[in-house]
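Chemist: In case you want the letters, here they are:
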Amino acid sequence: MKPFDIVIVGGGGAGLYAAMEAMKTNPALNIAVLSKVYPNRSHTSAAQGGANAALANKAKDDTVEMHIFDTIKGSDYLADQDAVEVLCSEAPKIIRELENIGTPWSRLDDNTIAQRPFGGAGRPRCCYCADKTGHTILQTLYEQCLKKGVIFFNEYFALNLSVNGSRSKGLIAMNMKTGAVEAFPARTVIFATGGYAKMYWNRSSNAAGNTGDGQAIAYRAGIPLKDMEFVQFHPTGLRKSGLLVTEGARGEGGYLLNKDGERFMSRYAPEKMELGPRDLVSRSLETEILQGRGFDSPAGKYIHLDLTHLGADLIKSRLPQIREMAMNFEGVDPILEPIPVRPTAHYSMGGIDTDNYGRTVMEGVYAAGESACVSVHGANRLGGNSLLDILVFGRIAGHTAALEARKFEPAAISEDEVKDQLAELRSSMQPSGHYERYGELREELGQTMAANVGIYRESSLLKKGIAEVAELKERFKKVRVSDSSDVFNTNLLQVLELKNMLDLAETVAAGAFAREESRGSHTRTDFPTRDDEKWHKHTMATLIDGHVKLGEKPVTMGRYELQERTY
Amino acid sequence: MTVSTDQHKEGKRDVTFRVFRFNPQVDSKSYFDDYTIPVERGITVLRALNYIKEHVDASVSFRAFCQAGICGSCGMRVNGISMLACTTQVWDMLAKSKEEGVIKVEPLRNLPLIKDLIVDMDPLVDKMKHYSNWVDSTMPESEMGKKEFLVSEEEFLKYDKATDCILCASCVSECSILRANKEYVSPAVLLKSYRMNVDTRDSMHDLRLAELVKDHGVWDCTHCYRCQESCVKSIPIMDAIHGIREDALESRGMKDTSGAKHAEAFMSDIEKKGKLVEATLPFRTNGVLWTMQNLLPMAVKMILKRRTPPPPPMVKPSKGIKAFRSEFREMSEHVKQDHKSHKK
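From first to last, the protein sequence lines stand for chains H and A.
For the first sequence, our numbering begins at 56 and goes up steadily by one.
For the second sequence, our numbering begins at 130 and goes up steadily by one.
Chain H on its own, in the form it takes in the complex:
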């Protein structure tokens, strides 16, 4: 295949924005987007709430500066302040740009883009389209990429980077439709593959495919992953499925109630109440449940999210998807009854270490969105900042790669390398003797992560988690792929995804064990306070000789000094 200038792995918000921007920057470039699903299926579509930008449409006194401060404070001061400045200053521009190309934002009475309050934000600055914001943004970007003639390789599963010393030669991927392993020689590769929170499996709000493929590929190629221990638990996952009820439901005025009917957030965040930051609200729910003030059911303990006082009209117009989901998956109509919820693994703050331009340490390899860690979210991401992150940094990565692509000489990927990959796949498909079921391993991975590397962490639990993940990795070697078909082998696909999750689970658990403090989403009951002296730094996980090796990187500070984080 003719070498590409840019191969983008992932067709969600970050990947599509990167593609659009790269084509805009230099239309002469040969650009491809490779995605394991049709781009419009990507998990960006599930983002309900909105994207933050200090447009000051709703609150006239909102400023970029306030957005920056809220984000840094929300991150528990682990975010790099220069990166946050980029995120928040670019925000108004990018939201307007999306508006200009057709995103159907909800509107205020003066016909400007609507904004609503969101957790951890000092002003109502979350721009939204009802509760389908991510869906409409994804559709808009996909439409624009079709318009621009972006070349898509849909339903291709990325296997590995082809590396020569410190340089990437491109990507090796499997065509799902044929089972063929194909080489994508490329001057530059951008990873935009989304998060890794699905390793918590049934205790996760994520799509089945949010298995951190790009992070795992980068990790195997020797690129460091940053702050992997920071996994955000969203306070309001549906009890049975872990599926998400948007923070918008609380933004619109929903209450969290324990079994005594008490709005218990008054004890944890008396000022912000239900709109405290996510880590705090999640911990509050978990504490209520642990202390026996939750409701009991065969599907587990839970808390009530009560919207009944908001009225049928508001629920139908502003939260229609939530109503549909509550009815489909819990059998509850939120107009009439409270929704049963409990915290669910939702977002991965950690990811591929990049600079503010999306560059990784490997020449020609970039990353953006949830698969990257710039870092703008630090130890805890604010609601409405993740859509913003994928848009702003997807665009920056696309722009940077487009400017830099021609600096790199194209390199060929040898046929032998492709054959080796295929042989490896084939051999993994037929282990002899006793074999393991991938479904069971996946289930067990989710259980051990939720129990031992979950909301509340502690030394002995983490040791247990690390040991269990190691054991699962060992058992994985015996997993059998029983579908022998080349055509659309989803059995093989799911096994490969499990491999990626296992590789990354090791880095999450190792980081959580090393970090002897509590910060943002990472709560150690044996180290209950933030320890700025020892731990105001990023953890870096690198694969060395088949094992995770932890290093560190300083946090970039700016005009905001460390402060205690209270709401």
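Since the hints were derived computationally from the structure, they do not count as laboratory data.
Positions of the beta carbon are idealized from the N, C-alpha and C atoms, including for glycine.
Keep in mind that the hints are not guaranteed to be accurate.
What the hints assert, rightly or not - Here are the computed lysine to any residue pairs in the SDA-like style, where the Cα-Cα straight-line distance is at most 25 angstroms:
| hint | chain 1 | residue 1 | chain 2 | residue 2 |
| --- | --- | --- | --- | --- |
| 1 | H | Lys202 | H | Asn85 |
| 2 | H | Lys148 | A | Glu272 |
| 3 | H | Lys532 | H | Ala506 |
| 4 | H | Lys589 | H | Thr621 |
| 5 | H | Lys202 | A | Lys275 |
| 6 | H | Lys113 | A | Gly274 |
| 7 | A | Lys275 | H | Asp165 |
| 8 | H | Lys232 | A | Asn152 |
As the list claims (entries may be wrong) - Just a sample of chain H residues kept apart from chain A, beta carbon distances all over 10 angstroms, derived:
| hint | residue |
| --- | --- |
| 9 | Lys327 |
| 10 | Val416 |
| 11 | Gln485 |
| 12 | Glu523 |
| 13 | Glu526 |
| 14 | Glu588 |
| 15 | Leu605 |
Keeping the supplied structure of chain H fixed, place chain A upon it in accordance with the hints.
Modeler: Relative to chain H, chain A alone:
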């Protein structure tokens, strides 16, 4: 909504899933496999399929991603109707099964089959491209990001519901025209085209509309409403299709197409006779020469083979035609007024 009520009180039972199977590498034709598994009340069809894949037969192939009804991956036919497996309750489907305790699962129709429950979505994407299913902004690229378009609620409401579409292709699968003609634009693409055409930020309304009124376009729809009935997001797709037609007829004067002529001939018959004059309708729609060459031989054959009765050459006005005409005029006037106020 899909939450079942009190029809099935028991909490757990065995259910047989009769799954469509086809692997192009080994099968010369498709067949069905039966999988009988224990299912609890409250389980979705997708979760049941996942269970089968993990515990019974890992080779059963289907797409699934978000599992929450928003990504559109798991469109398939359950008991013959296209829907999302992830938002469909097994219990609800049992109530509608032809054979007690058996749920039939098949791939979507009208798209090329790849394997088992997986169909090729590329033809749909190609049509989205063909009909320019994107906003071509009136704002030059260099100006973007600087200021917002101001969009009133009224303008927004015109396309709001249409933007719910998740391209699951349930409507594509149910469409009766696509079964006969794979080149037909398809309901999802008409919906998206409508959504773009009513967006005040878009600049290529006329070009898009010109493409939509060509062959295989908006006039091919026969109003069977199956797209709308099967829409998993309850989008009034037919409103969009009517919207495009009205737009083509009323505001753009695109009357020089057979679809438009057909509609006009229909209207004039109804007004004059209160019913259709079938014998002359094709001539008025497609022109005399074309009809003689292309339709007449077929019509004669059909009449000879007794597939259709010969159309009566003269049609008398229906009984009560006078009262009907005045009502008809009143209705037409109302529709015109509606359009005027809508456009303001």
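Chemist: Each hint: holds or not?
Modeler: We went through each hint and held it up to the structure:
| no. | hint | verdict |
| --- | --- | --- |
| 1 | H:Lys202 <-> H:Asn85 | holds (16 angstroms) |
| 2 | H:Lys148 <-> A:Glu272 | holds (11 angstroms) |
| 3 | H:Lys532 <-> H:Ala506 | holds (24 angstroms) |
| 4 | H:Lys589 <-> H:Thr621 | holds (21 angstroms) |
| 5 | H:Lys202 <-> A:Lys275 | holds (22 angstroms) |
| 6 | H:Lys113 <-> A:Gly274 | holds (19 angstroms) |
| 7 | A:Lys275 <-> H:Asp165 | holds (18 angstroms) |
| 8 | H:Lys232 <-> A:Asn152 | holds (11 angstroms) |
| 9 | Lys327 | holds (27 angstroms) |
| 10 | Val416 | holds (31 angstroms) |
| 11 | Gln485 | holds (13 angstroms) |
| 12 | Glu523 | holds (20 angstroms) |
| 13 | Glu526 | holds (20 angstroms) |
| 14 | Glu588 | holds (42 angstroms) |
| 15 | Leu605 | holds (33 angstroms) |
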